[in-house]
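Model the full assembly from the supplied sequences, consistent with the hints where possible.
So the protein lines, in turn, are chains A and B. Going by my numbering, the first sequence opens with residue 1, and the numbers climb by one from there. Going by my numbering, the second sequence opens with residue 1, and the numbers climb by one from there.
Everything labelled a hint here was simulated from the structure, so no lab data went into it.
Since the list can't tell identical chains apart, any single copy or any two copies may satisfy a pair.
Once the Cα atoms are required to be at most 20 Å apart in a straight line, the calculated DMTMM-like pairs of lysine to aspartate or glutamate come out as: (1) Lys16 to Asp49; (2) Lys104 to Glu158; (3) Lys104 to Asp249; (4) Lys83 to Glu47; (5) Lys259 to Asp150; (6) Lys16 to Asp88; (7) Lys104 to Asp162.
Listed here are the chains, written in short residue letters.
2 protein chains.
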Amino acid sequence: MRIIRNIRQMSFLARKLRLQGKTIGLVPTMGALHRGHLSLIRKARKENDIVVASIFVNPAQFGPKDDFKKYPRHFSQDVRLCKASGVDIIFYPQAIRMYPGNYKTYVDVGELGGLLCGRFRPGHFRGVATVVTKLFNIIVPHIAYFGQKDAQQAVIIEKIVDDLNIPVRIKIMPTVREEDGLAMSSRNAYLNQRERSDAVVLSRALNLAKNLIAQGNRNPTSIIRKMRQLIHKNKTARVQYISIVNLRDLKPLDRISGKALIALAVLIGKVRLIDNMIIDPNKRN
Amino acid sequence: MRIIRNIRQMSFLARKLRLQGKTIGLVPTMGALHRGHLSLIRKARKENDIVVASIFVNPAQFGPKDDFKKYPRHFSQDVRLCKASGVDIIFYPQAIRMYPGNYKTYVDVGELGGLLCGRFRPGHFRGVATVVTKLFNIIVPHIAYFGQKDAQQAVIIEKIVDDLNIPVRIKIMPTVREEDGLAMSSRNAYLNQRERSDAVVLSRALNLAKNLIAQGNRNPTSIIRKMRQLIHKNKTARVQYISIVNLRDLKPLDRISGKALIALAVLIGKVRLIDNMIIDPNKRN
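Encoded structure:
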């Protein structure tokens, strides 16, 4: 396994590999790898000649009040995990090389970036869209893998790839969960014991919604109210948003008639967690 | 010579050519080809195995008051000129395929897009940056050729390529001029006889600036005032802006001490024309 920090070197190698007819699978990460990332890497391993995992805590997607500085960084552990999972190349660029002092260009997804999490994290998805575009240009992957846990990110990345004609196939893989249902996230490491136990309420609320819909409830307002009530039974939990939206434009649904994305962000203590579920009331799960 | 309208077909062919080891040169145009475009095509012909000329009047770079609808379109003549100049592929996509109804993603260059022409054409350079990014993703050229006549466009394209790590080399070729000095432009076709004769004043004003600098004038304000006076001797002419800026960030210079870009936009009647010159007072021309 190689670790490449230099952008040009990565770019040159990726082009060489493509000219040799190799297929490249990319798993973009911010490090602090967990089983969610590893499931993406395993999938990439199965489907490509070369697996690149990028590890880059992208400053452009953190707001001034966000946790950029304290975001978990476990590089040597990440290296071990990558090696064990069959990664060929870790791309580990420096922030100052990715965004030099005179950096100016951003990929903007308009209103898609201002909904759901975007309401609480202005500029976040512009930062995501920009870094992903950069990584695609540097690594020229055939396939890139992302987790469904970041549902809005997934929709936005599929949109920019489509809109900008980026020659890459996007695969969104299912959320990996702890045994009690908590979605895997690098930010789970911030939780103390009490908070960790309360954090299960995000997935519980999603399951409640799923059951309500299975029982015939098609009214987002009513479902969201019940989810909120469940979550607020936990003293450490404060709902930031719960939305039931369509998957295309992320706009709230008046009524659930087809495929819907139920997404929520909850503060558990000071830790902001997100989770989501895609539900199709017309299909049995 | 092939004419390709379909985006996927173009993208597929370009990738096939690259895998065959061919180099691809791209000349992006909005059609209505003139000798300026043809000089880019000839250069591309010399330097690449495959020359692609794109012809696409890009709606995203026209404002609501701009001349999108009446912008000259001479496709059959363009085809003849491309064929005669050795173009291998004309990429001629449909606007509705480049920007489908739910299109959302734009490449934004921040303040660079708001200076000079950007002050009078809000959104223009965002549209340019976006379409050029799309064309690069579809055609994956090794080298792309642009004219120095669109100086701000050249700076911005070099910036986005650099910032977004787009794997393409940009070559900016000298402005091609009519015998009397008027810079070649598809918009020159809008000029009536009187206006055509007055339009020479843009290049004359640039030459005046050059001479003033050669004589030791280093004061942008004084030089710009004299250029303006010269231009306004023509009754059909109205200066939109004259700026002397540095080439890196396009910001006005207080004093000319090194390489400088002198750029201007002038309305001749209702026709908006631009021209520019790069001057280095420390070098003899």
